[in-house]
Amino acid sequence: MLLEKIYYLVRISFGTLFIYASLDKLAFPQQFIEIVSNYQILPEFASKIVGFILPLGELILGTLLLVGLYIEVASGGLVVLTIFFTIALIFKAISGNLSDCGCFSLTSNSETNIISLIIRDIFLVLIGSSIFIYSKKNKNLS
Amino acid sequence: MKKHLKLLLACIIILSVFLYIKQKRNIQSPFFKIDEIKKFPDISFVDIFNNKFNTKSLSGQTIYLQFFDPRDPDDFRFIR
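Protein chains in written order, with this note's numbering: chain A, 1 to 142; chain X, 1001 to 1080.
Calculated directly from the structure, the hints in this document are not laboratory data.
Errors might be hidden in some of the hints.
Claimed, not checked - Within a straight-line C-alpha distance of at most 25 Å, the following computed DSS-like cross-link-like pairs (lysine-lysine) qualify:
1) A:K92 <-> A:K48
2) X:K1003 <-> A:K136
3) A:K48 <-> X:K1024
4) A:K48 <-> X:K1022
5) X:K1006 <-> A:K5
6) A:K136 <-> A:K5
7) A:K5 <-> X:K1003
8) X:K1002 <-> A:K139
9) A:K136 <-> X:K1006
10) A:K136 <-> X:K1002
11) X:K1003 <-> A:K139
12) X:K1002 <-> A:K5
13) X:K1002 <-> A:K137
14) X:K1006 <-> A:K137
15) A:K5 <-> A:K139
16) X:K1003 <-> A:K137
17) X:K1006 <-> A:K139
18) A:K137 <-> A:K5
To be verified - What follows is a list of derived Cβ distance ranges for each label pair:
19) X:L1009 <-> A:I90: 34 to 40 Å
20) A:S105 <-> X:L1019: 15 to 21 Å
21) A:V10 <-> X:H1004: 23 to 29 Å
22) X:S1016 <-> A:S105: 18 to 24 Å
23) X:S1016 <-> A:S95: 37 to 43 Å
24) X:I1014 <-> A:L2: 28 to 34 Å
25) X:S1016 <-> A:L9: 19 to 25 Å
26) X:K1003 <-> A:A93: 41 to 47 Å
27) X:Y1020 <-> A:M1: 34 to 40 Å
28) X:H1004 <-> A:Q40: 44 to 50 Å
29) A:K139 <-> X:K1024: 34 to 40 Å
30) A:K136 <-> X:L1009: 19 to 25 Å
31) A:K136 <-> X:K1003: 15 to 21 Å
32) A:L42 <-> X:L1009: 30 to 36 Å
Beta carbons are placed, not taken as given, at the ideal position from N, Cα and C, and that holds for glycine.
With the rest of the complex left out, here is chain A:
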């Protein structure tokens, strides 16, 4: 029973977190596309596509998780997204690129330690995976 309550709390928080993360990116898409380009991982056209689609994905998947619809798909999708973010941050750390991370806000946070951002993302992957596994085991939960 307690585990179930924790599950609901974590699921709602996780969904809300990704809705919040999408806000700035959706409000200022040009700035976010620039940040994606600064990662220097994708070609220009792909950066534009990712810059538009990624925030929408965060919003839709976060909303699904929040309301409890298609939980496995939503949590799985968010885990995959967060894995991509983590890989991008590792690439950024290796290349010594100190441009903005663009994770939750588009304002400059280049002073933030990139290692702490990677650890945070790994933590988010673990939380997302836990939601995925728990919801798969308990199909009656919504």
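Position chain X relative to chain A; hints supplied.
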């Protein structure tokens, strides 16, 4: 039925987010079309714009000014 209610709730959340974003864009980062700027010829960045771009070659294009801080008129950039 429960699923339909959840879908409705999801739509309301997404709609609310888009309304919030629309409001945020208006408040925090105003964009002005160049035609709108021309209505205010006393604004100094029209000269900056003319120096930066050859306006003839931009005929038909929409240029935006993005202000990073609405209180600081010098902190802006041009977006084509």
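| Is A:K5 close enough to A:K139, meaning Cα to Cα at most 25 Å? | holds (15 Å)
| When you take the CB atoms of X:H1004 and A:Q40, is the distance between them in 44 to 50 Å? | holds (45 Å)
| query | Is A:K137 within 25 Å of A:K5, Cα to Cα? | reply | Given that 25 Å is the threshold and the Cα spacing comes to 16 Å, the pair holds.
| Under the criterion that the straight-line Cα-Cα distance not exceed 25 Å, is the pair X:K1002, A:K5 satisfied? | holds (20 Å)
| task | Compare the distance between the alpha carbons of X:K1006 and A:K139 with 25 Å, and conclude whether the hinted pair is satisfied. | result | Answer holds: X:K1006 to A:K139 is near 17 Å, not above 25 Å.
| Range agreement (Cβ of A:L9 with Cβ of X:S1016, hint 19 to 25 Å) | Because 22 Å falls inside the window, the suggested range holds.
| query | Falls inside 37 to 43 Å, the C-beta gap from X:S1016 to A:S95? | reply | holds (38 Å)
| Pairwise beta carbon distance, A:L42 to X:L1009, judged against the given window 30 to 36 Å | holds (34 Å)
| field | Distance restraint evaluation - X:I1014, A:L2, Cβ atoms, bounds 28 to 34 Å | value | This hint holds: roughly 32 Å between Cβ atoms.
| message | Given a hint of 18 to 24 Å, does the C-beta separation of X:S1016 and A:S105 actually sit inside it? | response | Distance hint for X:S1016, A:S105 holds at roughly 20 Å.
| Hint consistency between A:K92 and A:K48 [alpha-carbon to alpha-carbon, up to 25 Å] | holds (19 Å)
| field | Assessment of proposed distance window 41 to 47 Å (beta carbons of X:K1003, A:A93) | value | Roughly 43 Å apart at Cβ, these two residues keep to the hinted range, so it holds.
When the structure is compared with the earlier hints, no violation turns up for any of them.
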